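Colleague: Chain by chain, the residues:
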Amino acid sequence: MAKVIVITSGKGGVGKTTTSAALAAGLALRGHKTVVIDFDVGLRNLDLVMGCERRVVFDFINVINGDANLNQALIKDKRNDNLFIFPTSQTRDKDALKRDGVERVLDELKKTFDYIICDSPAGIEHGAITALYFADSAIIVTNPEVSSVRDSDRIIGILSSRSRRAERNEPPVDIHLLLTRYDPERVARGEMVSVDDVSEILSIPLLGVIPESESVLRASNTGTPVVFDAESPAGRAYVDAVARFLGEQREMRFLKPERKGFFRVLFGRA
Amino acid sequence: MSLFNFLFPPRPKTAAIAKERLKIVLAHERASRDAPDFLPSLQKELLAVVGRYVHIADDMIRVTLGKTGETSSLEINIEIDGAKPKDGLGKSSLFTGAAAKSG
Numbered sequence: 000m001a002k003v004i005v006i007t008s009g010k011g012g013v014g015k016t017t018t019s020a021a022l023a024a025g026l027a028l029r030g031h032k033t034v035v036i037d038f039d040v041g042l043r044n045l046d047l048v049m050g051c052e053r054r055v056v057f058d059f060i061n062v063i064n065g066d067a068n069l070n071q072a073l074i075k076d077k078r079n080d081n082l083f084i085f086p087t088s089q090t091r092d093k094d095a096l097k098r099d100g101v102e103r104v105l106d107e108l109k110k111t112f113d114y115i116i117c118d119s120p121a122g123i124e125h126g127a128i129t130a131l132y133f134a135d136s137a138i139i140v141t142n143p144e145v146s147s148v149r150d151s152d153r154i155i156g157i158l159s160s161r162s163r164r165a166e167r168n169e170p171p172v173d174i175h176l177l178l179t180r181y182d183p184e185r186v187a188r189g190e191m192v193s194v195d196d197v198s199e200i201l202s203i204p205l206l207g208v209i210p211e212s213e214s215v216l217r218a219s220n221t222g223t224p225v226v227f228d229a230e231s232p233a234g235r236a237y238v239d240a241v242a243r244f245l246g247e248q249r250e251m252r253f254l255k256p257e258r259k260g261f262f263r264v265l266f267g268r269a
Numbered sequence: 000m001s002l003f004n005f006l007f008p009p010r011p012k013t014a015a016i017a018k019e020r021l022k023i024v025l026a027h028e029r030a031s032r033d034a035p036d037f038l039p040s041l042q043k044e045l046l047a048v049v050g051r052y053v054h055i056a057d058d059m060i061r062v063t064l065g066k067t068g069e070t071s072s073l074e075i076n077i078e079i080d081g082a083k084p085k086d087g088l089g090k091s092s093l094f095t096g097a098a099a100k101s102g
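Protein chains in written order, with numbering that gives the first Met the number 0: chain F, 0 to 269; chain C, 0 to 102.
Derived from the structure by calculation, the hints contain no laboratory data. Among the clues, some could well be false.
What the hints assert, rightly or not - With the C-beta cut set under 8 Å, the calculated list includes, among others, these residues of chain C facing chain F:
(1) R10
(2) R32
(3) R51
Every value quoted in this text rests on a predicted model; they were computed, and no experiment measured them. All C-beta atoms, glycine included, are put in the ideal place defined by N, C-alpha and C.
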């Protein structure tokens, strides 16, 4: 049974698209046929992060409007056969994302894919609500910072009242917390709220902690999902998060400040 | 103060402040999140009705939906202390008495 997962946060700039790209690629690497959809109409960016911006011909809105079919719009990833990208439109008409059209497209995708990842826009407007409406699971991307935590709480409230599962009185959306841009050294100094504090405040299960890492910017510079960089702490943390999502037990890593070796201090790199 | 602290003043642990502030603001927001949408318009209409009889300012009325255990309550607080009855209303008006008592 195909599963629809929304990557959402309320606040912008916390790492939703990075996370969507990394989790989709991570699920594909584990052998699951996965498609990642950009719901940020007018501000298309998933294509850049996934490195397929020059291959976009048709988009989500074209398919919803019946101007193209799914096979014409889906972009097959060149690194992994299980991974597909569904870019959004650059139209300024935000209402182009019609709920019944989205439902039709998702139902069609469910026939061939194991996982459908919906990369939500920021905010709590039409696009964000449409992205979360059909979700079976939600991953709340949060930074250890007051405004991000507050907005996450708001979006959790919306998921439990305005999603299709809530409206139909079905079992609730399965909600997970993913803490990104975590800096264990600042947490140790008492300058950043800890993962335990954020979990306690939001009281949803923790899927993973992604450390602040230079590899994330390197990955988006080159259009490579960060899980393909097996050396990087962020890449490894995302691989762990994917494993936990699939039901495996993995110990949380990168929660304590790393002891830097002599050479690391001299030539410091994350 | 030791020389060490003088040279390297300890930085305040702001994470604890962040946590406390978040707990307070979220407790407040979660309580009002489930409030029905009609509360603001109910408040506006009540204000209009009361305003027909006494001079009343916007902030003199508060409508809150509370819940304690099994019982839900709709609490309406109208502050009319010092409110002047509108012209045309006699001295016998109910509101004159109420205003005097509530002082």
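Colleague: Can you name, in rising order, the numbers of the hints this structure does not satisfy?
Modeller: Checked against the structure, the only hint that fails is number 3, while the rest are satisfied.
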